[in-house]
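Student: The primary structure of each chain is shown beneath.
2 protein chains.
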Amino acid sequence: MSIDTQDVRRYLLGLQDGIIDALQAEDGHAFVRDAWRKAPGERLQGDGISRLVEEGGVLERGGCNFSHVQGPTLPPSATQHRPELAGAPFEAMGVSLVMHPRNPYVPTAHMNVRMFAALPPGREPVVWFGGGMDLTPYYGFEEDAVHFHRVCRDALAPFGDALYPRFKRWCDEYFFLKHRGEPRGVGGVFFDDFAELGFERSFAMTRAVGDAFVDAYLPIVRRRRAAPYGERERDFQAYRRGRYVEFNLVWDRGTLFGLQSGGRTESILMSMPPVVKWRYDWKPEPGTPEARLYSDFLRPRDWAEAAAGDAARDGA
Amino acid sequence: MSIDTQDVRRYLLGLQDGIIDALQAEDGHAFVRDAWRKAPGERLQGDGISRLVEEGGVLERGGCNFSHVQGPTLPPSATQHRPELAGAPFEAMGVSLVMHPRNPYVPTAHMNVRMFAALPPGREPVVWFGGGMDLTPYYGFEEDAVHFHRVCRDALAPFGDALYPRFKRWCDEYFFLKHRGEPRGVGGVFFDDFAELGFERSFAMTRAVGDAFVDAYLPIVRRRRAAPYGERERDFQAYRRGRYVEFNLVWDRGTLFGLQSGGRTESILMSMPPVVKWRYDWKPEPGTPEARLYSDFLRPRDWAEAAAGDAARDGA
Numbered sequence: 006m007s008i009d010t011q012d013v014r015r016y017l018l019g020l021q022d023g024i025i026d027a028l029q030a031e032d033g034h035a036f037v038r039d040a041w042r043k044a045p046g047e048r049l050q051g052d053g054i055s056r057l058v059e060e061g062g063v064l065e066r067g068g069c070n071f072s073h074v075q076g077p078t079l080p081p082s083a084t085q086h087r088p089e090l091a092g093a094p095f096e097a098m099g100v101s102l103v104m105h106p107r108n109p110y111v112p113t114a115h116m117n118v119r120m121f122a123a124l125p126p127g128r129e130p131v132v133w134f135g136g137g138m139d140l141t142p143y144y145g146f147e148e149d150a151v152h153f154h155r156v157c158r159d160a161l162a163p164f165g166d167a168l169y170p171r172f173k174r175w176c177d178e179y180f181f182l183k184h185r186g187e188p189r190g191v192g193g194v195f196f197d198d199f200a201e202l203g204f205e206r207s208f209a210m211t212r213a214v215g216d217a218f219v220d221a222y223l224p225i226v227r228r229r230r231a232a233p234y235g236e237r238e239r240d241f242q243a244y245r246r247g248r249y250v251e252f253n254l255v256w257d258r259g260t261l262f263g264l265q266s267g268g269r270t271e272s273i274l275m276s277m278p279p280v281v282k283w284r285y286d287w288k289p290e291p292g293t294p295e296a297r298l299y300s301d302f303l304r305p306r307d308w309a310e311a312a313a314g315d316a317a318r319d320g321a
Numbered sequence: 006m007s008i009d010t011q012d013v014r015r016y017l018l019g020l021q022d023g024i025i026d027a028l029q030a031e032d033g034h035a036f037v038r039d040a041w042r043k044a045p046g047e048r049l050q051g052d053g054i055s056r057l058v059e060e061g062g063v064l065e066r067g068g069c070n071f072s073h074v075q076g077p078t079l080p081p082s083a084t085q086h087r088p089e090l091a092g093a094p095f096e097a098m099g100v101s102l103v104m105h106p107r108n109p110y111v112p113t114a115h116m117n118v119r120m121f122a123a124l125p126p127g128r129e130p131v132v133w134f135g136g137g138m139d140l141t142p143y144y145g146f147e148e149d150a151v152h153f154h155r156v157c158r159d160a161l162a163p164f165g166d167a168l169y170p171r172f173k174r175w176c177d178e179y180f181f182l183k184h185r186g187e188p189r190g191v192g193g194v195f196f197d198d199f200a201e202l203g204f205e206r207s208f209a210m211t212r213a214v215g216d217a218f219v220d221a222y223l224p225i226v227r228r229r230r231a232a233p234y235g236e237r238e239r240d241f242q243a244y245r246r247g248r249y250v251e252f253n254l255v256w257d258r259g260t261l262f263g264l265q266s267g268g269r270t271e272s273i274l275m276s277m278p279p280v281v282k283w284r285y286d287w288k289p290e291p292g293t294p295e296a297r298l299y300s301d302f303l304r305p306r307d308w309a310e311a312a313a314g315d316a317a318r319d320g321a
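For the protein sequence lines, the chains are A and B, in the order given.
Numbering of the first sequence is given in my numbering, commencing with residue 6 and proceeding in unit increments.
Numbering of the second sequence is given in my numbering, commencing with residue 6 and proceeding in unit increments.
Mixed in with the good hints, there may be bad ones.
Quick list of in silico lysine-lysine cross-link-like pairs, PhoX-like style, CA-CA up to 25 Å [to be verified]:
id	chain 1	residue 1	chain 2	residue 2
1	A	K288	B	K43
2	A	K43	B	K183
3	A	K43	B	K288
4	A	K43	A	K183
Hint data in this document are derived by calculation from the structure and do not stem from the laboratory.
Please model the entire structure based on the sequences and the hints provided.
Tutor: This is the structure in structure tokens:
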């Protein structure tokens, strides 16, 4: 291809290393490193590095994957909004992570940054970026949601004040379980098909999102990791993780793209939680902390704008 | 609509009752009965009866649902093979069940029979049937797979010898996890878009499949329900149940149709197992019973034709 994407690859590999260093230091367990390369002759070509931990000190299961693939035809999940590129050869690279802590008071976190290049024959390549991060608590704390959103807002600020509210709303719309009428968590930021600032500046904005993840998440992990919990909290966490599975397998474009295009299944499905439960038509008792997740956190709110008092009130 | 579908409804309600009676007698716990009706003004109209048990004597979670819905536009998952009907108003009714036993030596079973009517404005209604049943063991027994397939074969025999091999192959192709290159289980029979025998005889064939379920599954439950097991078997069962979740949420047309069309989520997701585990790139040790599931059972075989000797050899 005529555009040079080596800078993007270099950045992504460095991002993965930096995140893994920070998470390993926090967790206390080393992440496994699993480098892979697609066999010659497979439909999808490319390579990747999966880094993951299971039964860690903090993380019950978590992974941060780099992948860089080339394919002969863009699958439908990638061209929903760009029908003129349907079926074109493509190149895609990204870093994607999901962290499932053991302690139900520590929220699950997801972050992804990615670059797509469609290479329609005889035409200029079309390059765009996508990504974001979002937070999924089991027991909500306003302080955590406010912190997470403010880090997102501040990371995007150098690229214009309009981006955070726009990407925040996009995140609320994207991470929404339509079949339950329920948000996945307290959101964060999400963007896709993004090239409007030109390649260099769109790439810089994408870097700002990736680079902000550790600051957005680790302080929350530190604050909650030692919170005492019992079977009740673990049970609710396992039940709520079912929603995470439902979202990722039914609605998530990235997951469907990966599975449809012949991506590496075990790396893609690192997003699945370690232990999950389903139970028929279960609802929390009114007035419980579990009910408070639904009433106070699983609805779109302007977290970054919350008054300091709101943020201080939490922690109960 | 001009065709009378009341006979189909009556049959399906009776089928559900008969299956629940048989399963309750085997399980020893009463199934909950949850009748529902879509609220006026919702996009999808209709009613249904969910019957289910959780923490039963044999079944850790299991449900058998009747539903009968009318919608303004067929969703894409229903018209993949009938593009000329895309977006037409429709009526759909069916009985669908999934049983997740607690004992890992008892296989999970699924059965579904359904009728679809597309009602394109100003044209004749187009009616078709679909359904089938399939078996998903955690620890395989040839005797069980042979029995299940022979009951399916015998049920279809009155409608021509060609149907069983055709529906058996269709089942192998349908219940296949493309992202893992792996069958869901030992198969059974599957058919869809079926109207080639005319309404009456296609309906009779569909009834034959539904009516065969209890004979196909209960003898297997009886044979295995008291088998001793420990944490190792429960753990493998929970891991393999992850495949069931992946298939149903990523590939199953019925599930996607239900979730896309605004069906009743809690009834549709009765197919989800009660406790599921994911683990990175896990493979059984060669030579173990767990490895034998992959090598001997998760590959298409002519179970109904297996020699008696093969069937007797199992049970180890």
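Student: Decide, hint by hint, whether the structure agrees.
Tutor: Now for the hints, and whether the structure bears them out:
With a CA separation close to 20 Å, the supplied pair K288(A) and K43(B) stays within the 25 Å bound. Between K43(A) and K183(B), the direct Cα distance comes to roughly 17 Å. Compliance with the 25 Å bound is thereby established for this hinted pair. Distance restraint check for K43(A) and K288(B): the Cα-Cα separation of roughly 20 Å lies within the 25 Å cut-off, and the hinted pair is therefore satisfied. As the CA atoms of K43(A) and K183(A) are separated by approximately 34 Å, the hinted pair breaks the 25 Å bound.
Figure legend: structure checked against the earlier numbered hints; the only hint not met is number 4.
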